[in-house]
Amino acid sequence: MMKTFDIFVIPFVVGMVFVLMFCLAALGRVILQMPHSDRRRLLVSLVTPQTFLRNIRDIFCDCLLHVKIWKRNPVLGFMHSAIAFGWFMIIVIGHIEVFVLQPFNDYNLSFAQDLGSKLYLPIFFRFFSPEAVSPTAKTLAFLMDFFLALILCGILTAFLKKIKSTIVGVKRITKFGFADSVIRIALWTIFPFRLAAETTQLMVFWWLYSLDLCLFMFLLPFTRYMHIPSEMLLILLRNAGIKSKSPRQGFALAEMYSCPGCGLCIDACPMSVDDEKSGMTSVYFIRNLRKNDPEKMREMAEVCLMCGKCVSVCPVAIQSCDLKMNLRKNESENLISDLSYLNKVDISENICEKGEKVLFFAGCMTHLTPRIIKSMKKIFEKAGERYEIMDSEGGICCGRPMLLAGKTDAAQAVIAKNTEMIRKSGARKLVVSCPICYRVFKEEYQLEDIEIQHHSQYIDEIISKGKLKLSRTKSRIVYHDPCELGRPFGIYDEPRHVVESCGVLVEAAQNRNMSVCCGGSLGSITMSKDKRDAVTDSSLANLMANHPDEIATACPLCLKTFAKKTDIQVNDIAELVAENCS
Amino acid sequence: MNFGFSISPSSHIMMDDVSRKRFDALKKTEPDIAICMSCGSCTATCTAGANAEVSLRRMILMLQRGKDDEALAMASRCLLCGKCYLVCPRGINTRHVLLSISKCLGHDEDI
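Chains as they are written, first to last, in the working numbering: chain A, 1 to 582; chain B, 1 to 111.
Hints are not guaranteed to be accurate.
[Said to hold, decoys possible] Under the rule of at most 25 Å between Cα atoms (straight-line distance), these lysine to any residue pairs were calculated in the SDA-like manner:
1) K424/A to A413/A
2) K103/B to Q412/A
3) K531/A to R90/B
4) K329/A to C36/B
5) K529/A to M1/B
6) K296/A to T29/B
7) K529/A to D24/B
8) K529/A to C36/B
9) K28/B to D293/A
10) K529/A to S10/B
11) K103/B to K424/A
Hints listed in this document are in silico derivations from the structure and should not be mistaken for laboratory results.
Extracted from the complex, chain A is given alone in its bound form:
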């Protein structure tokens, strides 16, 4: 008669029970910390068939197959899916072996014994039932061996990555603390021990296998591997449309747990030009958030340029910029603000003649680069468009810089004032030449019935309508994607069309959603000038990869930042068009 229990399974069972209890408690914390409206939203999304199907698809593609990482680098993708999918299949097939083959069903086990054994039998199946006899059993045994081999290949890749990270296309890898290093060794040895135990059937390996699993599970809640259970919850919450409202609670807690510490954000971060500053990247920010180290959390949240590149490369899509914004908000919310003088600013009633005229908002940064305003005026006139400039007498700020600094209430006062003026103007179309303004108009203003366009979209539109006649030069122009325009709104093609109609478009080494911040960003509150200069230099080097004759951008702040640091001509796309239109 086969055994159904051996003392070596105890460490595994204890670890398993511990990890399940911890996850349950963590789940409870996340749910309870969320506001009531978010809990409702989650409930509704779980019973809506569409989101239900999307949840299943996302969990399968992101947590098991790691499709996003495959797209980024196939070797890195293989490493992740071999371990994750392989392990998942081993657990699934292990359960099939126990529940389908039912080799232990002849024994009269008490209910408790039966329930307890169900926990460990699928994991140590080969110990209790070493011989596969029936064809089904043999097929299952083969599949188990196949997936074990797959996992071992994945672990081998991980080991090679540790030695030389460039084989998976990664320059800098995350520096780990003690617990993270120990659990990694535990993870890497689990499967070799399993292989050794199954092949040799020596008790020592079965013990090592069980103890190793126990160690892994006891460390899991306190290390980056917490992302394995947490990522599934994060997908459910995200698909329900929930966003973080605090730096560490509710949805933010789920995001913190879900950070796998992979460090893809380190290479992506523009601050990584400097080794010292690469320690300020999102992966370390989230680590400090988990540790709840207020000083470091604040420092990292305030230095960030908010370019959003870490978010766009993150395989788990953790919205780290939102977390940083929440933290800044907590810091600056209570600062005194006196914006009563905004009442003095005004605009004439129905200046846009019920939508007959386009309303142009230049914004603070464009006022510092009056050549853009001049060019826009010329473009409007050449195209025969009637227009009004909303802030020709100076105007006020759009409110985004205050939001970025965490002064949300004050920003809302500015937003309310601008909204009032735009409504009063009677405009149906608002053109903005600054991506910083464009973003806040799109995201925070309630202007649903007014079409808001960035000037790159507007110029592209009038060119395609044939309202502007442009002469193309042979100048090779590289286009720089501004952070506030590209990554949040995907406006990559319109400015490129505009550049192409003025000259020869060349691409930078990293472009579109991989574009490198110019270093001038208002997102950073504390970054010093020399650190910013280092970022600008690396961004310029990226742009110069294909030896262009001039640089074009669609952001007055990028323009100003680049112009200070390079000898070659830097133009806004509006200037390019104004120069080349006849």
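Given the coordinates of chain A, work out where chain B should sit on it, guided by the hints.
Frame of chain A; chain B shown alone:
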């Protein structure tokens, strides 16, 4: 009696009488304020300054002279748009200076 002129009140500040404690605390978090050369570029470009009395140059002078409350009132009108940072010839991180003024001076109990 009208002499055709009057005597304006003294703008003399007795540095012995003012407390520079809050200014010193600010200087610790924001050493940049010591390198301002009062060129006034920040004031000339200021978005808020077009509609209200806001001038970073004057704020720094006020702080040096112990006129903390006036400086704080001015800082509270700032829109943080960052134009002053872009024009500052000394590369002072002006937005952070302005936030720090509000933070350090806004909480009396800390000093």
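- Message: Hint check: K529/A vs C36/B, CA-CA at most 25 Å. Holds or violated?
- Response: Between K529/A and C36/B the Cα gap is close to 14 Å, so the pair holds against 25 Å.
- Query: Under the criterion that the straight-line Cα-Cα distance not exceed 25 Å, is the pair K103/B, Q412/A satisfied?
  - Reply: Since the Cα atoms of K103/B and Q412/A sit roughly 20 Å apart, the hinted pair holds (cutoff 25 Å).
- Query: Taking 25 Å as the top limit, are the C-alpha atoms of K529/A and S10/B close enough?
  - Reply: With a Cα-Cα distance of about 40 Å, the restraint between K529/A and S10/B is violated, given a limit of 25 Å.
- Message: With the threshold set at 25 Å, check whether the alpha-carbon distance from K531/A to R90/B stays at or below it.
- Response: Since the Cα atoms of K531/A and R90/B sit roughly 15 Å apart, the hinted pair holds (cutoff 25 Å).
- Message: So if I understand the rule, the pair passes when the alpha-carbon distance is 25 Å or less; does K28/B with D293/A pass?
- Response: Holds, because 22 Å separates the two Cα atoms, which is no more than 25 Å.
- Message: Would the hint linking K529/A and D24/B be met if the CA-CA limit is 25 Å?
- Response: holds (23 Å)
- Message: For K103/B and K424/A, compute the direct alpha-carbon distance and say whether it is at most 25 Å.
- Response: violated (36 Å)
- Message: Tell me if the straight-line CA distance from K296/A to T29/B falls inside 25 Å.
- Response: Between K296/A and T29/B the Cα gap is close to 15 Å, so the pair holds against 25 Å.
- K329/A and C36/B: Cα distance at most 25 Å? violated (28 Å)
- Are K424/A and A413/A close enough, with their CA atoms no more than 25 Å apart? Within the cut-off at roughly 17 Å; holds.
- Satisfaction of hint between M1/B and K529/A, Cα-Cα up to 25 Å: violated (59 Å)
Going down the numbered hints, you'll see the structure goes against 4, 5, 10 and 11, while the others check out.
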